[in-house]
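The listed protein sequences derive, respectively, from chains A and B. Here our numbering is used: the first residue of the first sequence is 1, the next is one more, and so on. Here our numbering is used: the first residue of the second sequence is 1001, the next is one more, and so on.
If you are wondering where the hints come from, they were derived from the structure by calculation, not from laboratory data. Note that CB positions come from ideal geometry on N, CA and C, so glycine has one too. Any given hint could turn out to be false.
[Claimed, not checked] With the C-beta cut set under 8 Å, the calculated list includes, among others, these residues of chain A facing chain B:
| hint | residue |
| --- | --- |
| 1 | Gly42 |
| 2 | Leu43 |
| 3 | Phe74 |
| 4 | Ala88 |
| 5 | Phe91 |
| 6 | Phe108 |
| 7 | Gly109 |
| 8 | Ser110 |
| 9 | Gly111 |
[To be verified] Simulated restraints, written as ranges between beta carbons of each label pair:
| hint | chain 1 | residue 1 | chain 2 | residue 2 | range |
| --- | --- | --- | --- | --- | --- |
| 10 | A | Gln17 | B | Asn1059 | 19 to 29 Å |
| 11 | B | Gly1061 | A | Asp56 | 32 to 42 Å |
| 12 | B | Glu1015 | A | Pro54 | 28 to 38 Å |
| 13 | B | Glu1069 | A | Asp63 | 41 to 51 Å |
| 14 | B | Pro1113 | A | Asp63 | 47 to 57 Å |
| 15 | A | Gln80 | B | Glu1042 | 22 to 32 Å |
| 16 | A | Asp56 | B | Pro1113 | 43 to 53 Å |
| 17 | B | Lys1052 | A | Ala72 | 43 to 53 Å |
| 18 | B | Gly1078 | A | Thr38 | 28 to 38 Å |
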Amino acid sequence: DAGVIQSPRHEVTEMGQEVTLRCKPISGHNSLFWYRQTMMRGLELLIYFNNNVPIDDSGMPEDRFSAKMPNASFSTLKIQPSEPRDSAVYFCASSLRQGSVLNYGYTFGSGTRLTVV
Amino acid sequence: GDSVTQMEGPVTLSEEAFLTINCTYTATGYPSLFWYVQYPGEGLQLLLKATKADDKGSNKGFEATYRKETTSFHLEKGSVQVSDSAVYFCALSWNNAGNMLTFGGGTRLMVKP
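Required output: the full structure, derived from the provided sequences and hints.
Shown next as structure tokens:
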């Protein structure tokens, strides 16, 4: 398996533009997570999905952020309009939930470094 | 709620020194415990885990023992290398928390030759 695949690896955009980040989880995993990492705030959970259904989006900072998972092999995180304070590294992770137990942790992608100028 | 507390970094060591990164947790019951490592420019990678009290997780020379009595999961390595320079995250999964991992704030390790 190629692991969790994120694209693009780097994105530079102008303030006000729409940004779409993409994630392909590991085949067979049934949970998907979006995180944001900055020096100031560390690692923040934005939203997670179980079986393609959003379970908790309380970490999404504001309405400018939205996430979708149309099928088990693809998810997007969209920022519209983008602002300089959105600059961060965005990680996608997937895991296999078996019952109520998480024995194997998460597998993370390599991240998308977003710079909004 | 559940929480994980790690020692603040950066931790700076010379090559071949002994490493300890402290991690304590607050949780009801018996969570599973994890250590993740993040190398520069990469995502987090699972380093080791322990799923019950007194379990010892180990990988790549790193070890951590699940201590229920002290609610700790300290990461240790007997002899660090420059290539171990990274950020280390302690995390827990509470089995009734719907597949969630709670991460600590991370500890940066810098190993000098």
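Does the nearest C-beta of chain B fall within a distance shorter than 8 Å of the C-beta of A:Ser110? 5 Å, holds
So the hint says 22 to 32 Å: do the beta-carbon atoms of A:Gln80 and B:Glu1042 match that? 28 Å, holds
Using the beta carbons of B:Gly1061 and A:Asp56, state whether their distance is inside 32 to 42 Å or not. Check passed, 36 Å falls within 32 to 42 Å.
Report holds or violated for the interface hint on A:Leu43, using the least CB-CB distance to chain B and a cut-off of 8 Å. 5 Å, holds
Using the C-beta atoms of B:Pro1113 and A:Asp63, is the stated range 47 to 57 Å upheld? 49 Å, holds
Range hint compliance [Cβ, B:Glu1015 to A:Pro54, 28 to 38 Å]: Violated, since B:Glu1015 and A:Pro54 (Cβ atoms, about 46 Å apart) do not stay within the stated range.
Measuring from the C-beta of A:Gly109 to each C-beta in chain B, is the shortest one below 8 Å? 5 Å, holds
Under 8 Å is the threshold here; is the Cβ of A:Phe108 close enough to any Cβ of chain B for the hint to stand? 3 Å, holds
With respect to the beta-carbon atoms only, verify the hint that B:Glu1069 and A:Asp63 lie 41 to 51 Å apart. Check passed, 46 Å falls within 41 to 51 Å.
Hint check: is the beta carbon of A:Ala88 less than 8 Å from a beta carbon of chain B? Violated: closest Cβ of chain B sits about 13 Å from A:Ala88, beyond 8 Å.
May I ask you to test the hint 19 to 29 Å on the CB atoms belonging to A:Gln17 and B:Asn1059? Given range 19 to 29 Å: violated, Cβ gap about 42 Å.
A range of 28 to 38 Å was offered for this pair. Does it hold for the Cβ distance of B:Gly1078 and A:Thr38? Check passed, 33 Å falls within 28 to 38 Å.
Comparing the model with each earlier hint shows violations of hints 3, 4, 10, 12, 17; every other hint is respected.
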